[in-house]
Amino acid sequence: MVETNPPSIASAPPAGAVHPPGATATRVVHPPTEQLNQLQFCIHSNPSLLETVLLAFQHYIVVLGTIVMISSIVVPQMGGSHGDKARVIQTFLFMSGINTLLQTFIGTRLPTVMRASFAYLIPVTSIIKDFSFRTFEDERQRFVHTMRAIQGALIVSSFVNIIIGYSKAWGNFSKFFSPIVIVPTVCLVGLGLFEQGFPQVAKCVEIGLPMLILLVFAQQKLANCILSTFLQQYMKHVSERSFFLFERFALLACIAIIWAFAAILTVGGAYNNVSEKTKQHCRTDRSYLLSSAPWIKIPYPFQWGAPIFVASHVFGMMGAALVALFESTGAHYGTSRLAGATPPPAHVLSRSIGLQGIGMLIEGIFGAVAGSTASVENIGLLGMTRVGSRRVVQISTGFMIFFSIFGKFGALFASIPLPIFAAIYCILFGLVASTGVSFFQFANNNSLRNIYVIGVSLFLGISIPQYFREFTASAGHGPAQTNAGWFNDILNTIFSSAPTISILVGTFLDNTLDVINSTADRGLSWWIPFQNRKGDVRTEEFYSYPIRVRALLPSSCLNVINSMILDTPEAFFNLYTTQACILLSFLFVGARNEKKKKKTDKENDFTDQSEIMHFLFFSDLDLYFLPLSSSIF
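Heads up: the sequence shown begins at 1 in UniProt numbering, then just goes up one per residue.
Calculated from the structure, these hints are not laboratory results.
Each hint should be verified, as a subset may be incorrect.
What the hints assert, rightly or not - Dumping the calculated DMTMM-like pairs for lysine to aspartate or glutamate here, alpha-carbon to alpha-carbon at most 25 Å:
#1 K175 with E34
#2 K408 with D285
#3 K277 with E137
#4 K534 with E34
#5 K129 with E470
#6 K277 with E195
#7 K129 with E195
#8 K203 with D285
#9 K175 with E541
#10 K175 with D521
#11 K203 with E34
#12 K203 with E139
#13 K279 with E195
#14 K297 with E139
#15 K129 with E139
Stated by the list, open to error - Listed next, with one range per pair, are the computed distances between beta-carbon atoms:
#16 D138 with H44: 48 to 58 Å
#17 E137 with S48: 52 to 62 Å
#18 F459 with P199: 46 to 56 Å
#19 G269 with S45: 41 to 51 Å
All C-beta atoms, glycine included, are put in the ideal place defined by N, C-alpha and C.
Start from the sequences and build out the full structure, keeping to the hints where you can.
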């Protein structure tokens, strides 16, 4: 549904107003608009088939950069080879496609791409350090054991998001939000990733900076004016639509140009006498992905072996799961704005977080290095192309899954130098940050109270994570340094996340400072209807399940699931109380026994723990499905 916004209103100034020299007697007022005026396609409207496929391919290229970045950071530290790195990238792509497809169909229903999160780097690094002090036959064995430990931590910590989401806990917490909380949160979803922008561009300025300049130039009207002047002299039949297409697909054109330029520099010997680190970032033949990737390789469950469950690893990964929850929440609000939808209500946020936990569980089973979160760069791409179509993102999952199976073809695009991706992120992250500012129009932006809450949330959201990052870079560990490594990982992960700090600080201040007298200033009269399932007539249109999905599930099944999980969270809580107690007991015993272990642990120790966790989780499935099946049939 495309909403027509009212035009700008010209009104007379108040009596006695003094106009600045040269100003007219009228002023232009821009009233708040729930949808962006310049969106060409909203969530339900779709471009032509060819444009849809090309836009979907752009989404695949954009998400590929972050996946390659995370894999390039983690896999070498784990002791993996170039072939292992290629397989990790394939697994990441495969899981991104699956999780994105799930979210767009039965999750938020927003055009949000799911990809690996940087929040998991801290606990993953701790797991890597834990295994680096142990003796293995070769680096390959160390890589496999580390990967299996990461798998176990992901599998157990995924239940944090599953429980928080499907118990409605997160939906109830989101009812404390207001536009004043959303402004700094969405802003820092983009600004919090500034280290992946120009600092990465500067690692190879000769290709990163031209990419940044060319992309900015291609997105401006100046480029269209020059192009139109040139083409009108030689091609009289060029239509205005051609310029819209050039602006929409400028990203692909810029990547092709700069990638070819980087290849010319590589072949021409421009990097023959530079450091190895510079070659790694600048040359187009230094990723070794194309030569090491298999032609056809389908990711499958437990491809690295049986998962290893260690208590300290699990607790550390739980902190990252919480951070991914906060990041995805801010990203969903930004996506709704750039896709022309209303803000997601509480029940949509709950089911999306629960489904994100299920996706994290599947990632642990398939052997991904990190859990997933909403892709900020792909949200920015919605604003750059002005296309918020859900179908475009759904088709992009086909590219992710295809290139994850046919490794050689996927490795070709994964060989694009990372500074090119970083230049793209400089634009896309900025678009997401500015989207957060647009939520301020629904509150009183002249209220000093609102200015105070937003300002403090923004500053602390930037300053605290920056301190934690600088401390870690200089000392080799985070500021939280106790005898419990898992506790350190939780604190360092949470306080290194800008959106997490912003939501916590903003929600606290917004709900404690002069709450009674600031209801109107906070914009709650506009905001509250969107928090409820039936508060706005458009909520059902944007966020309801597809008709085909409803047809696949019997109505009795939907009623049982709704009564067990959504309507009565007490039933959900009671169901997992026993399991949670057993889990905590196991983790306590594991932490106590961990001190007694020697550096050379035997394989059967890990096998015993795997069997315990298998019994813990899979033996309880019948407790859930037996009452469910009896109610259905």
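Checked against the structure, which of the hints given earlier come out wrong? Violated hints: 3, 11, 12 and 18; rest satisfied.
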